[in-house]
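Based on the sequences and whatever the hints tell you, model everything.
Listed below, chain by chain, are the residues.
Number of protein chains: 2
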Amino acid sequence: MTGSAPHSPALTDVVARLRAELGDAVDTSDAALEAARTDRSGHRSAAAPLAVVRARSTADVQAACRAAHATRTPLVTRGAGTGLAGGAVAGAGELVLDLSGMDRILEVVPEDRVAVVEPGVLNGALNTHLADHGLWWAPDPASKDISTVGGNIAMNAGGLLCAKYGVTREAVLGLEVVLADGTVLSLGHRTVKGVTGYDLTALMIGSEGTLGVITQAVLALRPLVPGAVHTVGAFFPDVTAGAAAAAAITGDGLVPAIMELMDEATLAAVRAHAADDDAARLPETGAFLLVQADGEGAAAQADRMAELARAAGGQTTVTADPVEADRLVALRRTAFPALEALGTPLVEDVAVPRSRMVEMFARIGEIERATGLLIPTTAHAGDGNLHPILLFGEASRVGGEGGGEIPAEVWEAAGMLFRAGLELGGTLTGEHGVGLLKRAFLRDELGDAQHALQERIKAVFDPHGILNPGKVFTPLP
Amino acid sequence: MTGSAPHSPALTDVVARLRAELGDAVDTSDAALEAARTDRSGHRSAAAPLAVVRARSTADVQAACRAAHATRTPLVTRGAGTGLAGGAVAGAGELVLDLSGMDRILEVVPEDRVAVVEPGVLNGALNTHLADHGLWWAPDPASKDISTVGGNIAMNAGGLLCAKYGVTREAVLGLEVVLADGTVLSLGHRTVKGVTGYDLTALMIGSEGTLGVITQAVLALRPLVPGAVHTVGAFFPDVTAGAAAAAAITGDGLVPAIMELMDEATLAAVRAHAADDDAARLPETGAFLLVQADGEGAAAQADRMAELARAAGGQTTVTADPVEADRLVALRRTAFPALEALGTPLVEDVAVPRSRMVEMFARIGEIERATGLLIPTTAHAGDGNLHPILLFGEASRVGGEGGGEIPAEVWEAAGMLFRAGLELGGTLTGEHGVGLLKRAFLRDELGDAQHALQERIKAVFDPHGILNPGKVFTPLP
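Here the protein sequences line up with chains A and B, keeping their order.
Going by the numbering used here, the first residue of the first sequence is number 1, and it counts up by one from there.
Going by the numbering used here, the first residue of the second sequence is number 478, and it counts up by one from there.
These aren't lab readings, by the way, just hints derived from the structure by calculation.
The structure presented is a predicted model; accordingly, all values stated were derived computationally and were not measured.
For glycine and all other residues, C-beta sits at the position ideal for the given N, C-alpha and C.
Hints may contain errors.
With beta-carbon atoms standing in for the labels, derived distance ranges [what the hints assert, rightly or not]: (1) A:Arg456 - B:Glu588: 34 to 42 Å; (2) A:Glu296 - B:Asp507: 54 to 62 Å; (3) B:Ala936 - A:Gly23: 37 to 45 Å; (4) A:Gly134 - B:Glu773: 16 to 24 Å; (5) B:Ala929 - A:Ala47: 31 to 39 Å; (6) B:Ala608 - A:Arg456: 38 to 46 Å.
Coverage of chain A stretches by chain B, computed from C-beta distances (three or more under 8 Å per stretch; other residues unrestricted) [stated by the list, open to error]: (7) 199-208; (8) 420-430.
Below is the structure:
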């Protein structure tokens, strides 16, 4: 990767040039620059970026890319800023390209089960719109009400429904992309299948703003799943028993829509954070497994899931009542706010083969004992993706005022988590991306040869290295 | 793309070098060289290649790549030779790397729903093996009994089940790949989700032997679908009515496992080719739609599909009896042999948005009238992928003795088909790949800027352009 040149003589002109071209779309207010220094990762850059370009169209994006390319100015693309790995954090000498205003739903074609959207549309808003057509877009990050479709695509985001309904990559047919030099490309297709040339759509998905700027997406939709959702809530003496239940459910050939596992520390935090009435309904100790079945045969599947959970030592509730289900789902949904009340969270994202999940929980326990840190963990148990949460410092909102620097011992524990995940045949990030926070470990997972190959691919798309420099790959010293 | 150098002084030594390293694995028999000149595309190279290397291990593949790289010798990777676009056709001055002997199933981990296999294993053989574990691998090309998993991956093959169960890309988690210079890379992961760096696994899938050699694959498996398959066969007065029925079924939110549409000319060929008893059961004229529902609720779904087919003017049969279902499925399965009895087929592969399928059938009719050629067409109607079959010359087996050259007027008609598909928002190949046969049209679909970018990516993987040169991209003049 060629380095950016923040001290180029042209740099002082880039904001003036953009303002001449784009007028009010160029925002250099303190509030705008301050907001662009952080995201939901807990990371904050050392100094404010040069300007925020609030793009309204593909042409605006092209103008920003051309100016950045010509002046070798780093360009950090940003959606809603809900990323958990620091991919959208912008600092000194950088331009920010804010796509949150490009939020139109351009087309919905029910006969083709296809929608064409701009990247800034919120996931939740899109699905509200699609429901009128009897359709939905499957990617379902926990942040769906505040995160954008473009952010999902840039991360290849996962979420709660992946084991049954796939990841973002499987729900995107084509992309309009602006390259670093301003060239617009139309990648992929509007058809269900298509194998013309290399799959650059897939290559863009998960590239975290380093290969190009996504300005439109052709999304593959699904018909709404008919019938009621059946929910199983199961309490276990410990997380090992809960993980065994999850393994038994997968091993039985069942495919839950959602299967979420919370360990003892997480459930304790939820209990402490809950209103008295709700807390009284929770067991004093233990772990919690939330399972949902949907579609044809959901009732029978939920009964079987509950049976397997009981066989693994669980106390189960099964319900098709939306209110009662919401109460169970809320235990999972409130986990993150409950943990934030205990300290500043660094959310990790290791994924392991499903069969190694129990071992990974054990390794997390060992790391807690070795470091003295509390590492409450939830898992997407249907797909082996764990979110160990490293708690440090004072209670604070991530990305909020209390964020501050991540202490060295927390980094060290994060490194131990990554290495444990890799040793168990896993990966250091299941769905949050590499961004800033995991770049130090990228080479360990890819190996030197693949790391070098990926950097050469980056250079093909972005020869001057202006797109999100210092993210994903380790910056030049 | 840098050109290959078939007249390099080192060339005469490459076979001797390989024989010294790999012994009997290097086959220069006339029979081996002859077989490597063709595949199932109907294309045959002008002259025989240098040698066939029958790889037994990743180390053998590395040795072949290193020798080819050092001597700038073109290397054509080959599985079972069932490709329909000429991707495995090898000619003068080329080495053939035959992976059909690397056919071991290395691991099946039911708890993880993962298998690790070598590329030469046959699709059908793999699924027979997996059935013992209650699992299956979804990619389902019509050639499954004779085609390899590696070939599926190299093409991103589709098949009959894509609309419900996805394409090959969605069923592969990771790959072991040997690059042109012999470097081994481990791409992707064994976990359900993983977003570490660029998705080079997806980039390799469908790259048709031009980026590297796949030596192992980590496959994502599914639990066997429970319950009986319910089959609907529907005869329509014409293909337009059949296509309308298919659109109504998709529009109703139903997701058939299989939905195959045969036009009038195809059904007529099947009738002419059938035994008298079977022919007597078929209507004198018309089109045929085959639909299958599987999984929970299949019976009710099949009834609803049949109801929609009748509303579109169809005469329907619905059955859960395997023998009766086989009789209906046989109409589709015998279409290709029946057409081969009428002439030499050039199988096209255009895909259009589902809503444009009726228009595409109309455009095919116009092209038939304009050219005087007969172009019987079947379609994967669940996903808008049509296989217009250009018939020319004498009855012959594709790739067999009668193959010969494709006449200019057939190429011209193929060009008209591609352009019609692109005009309807489609793609020139849904599942067969570009290979030799569609490379002249690649730039029309990708556009110049994307075409150039793809060539630069190719050069990153294969700087001397030795891997399957002249395929996918147009060769240098």
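Looking back at the numbered hints, which does the structure fail to meet, lowest number first?
Violated hints: none at all, because every hint is consistent with the structure.
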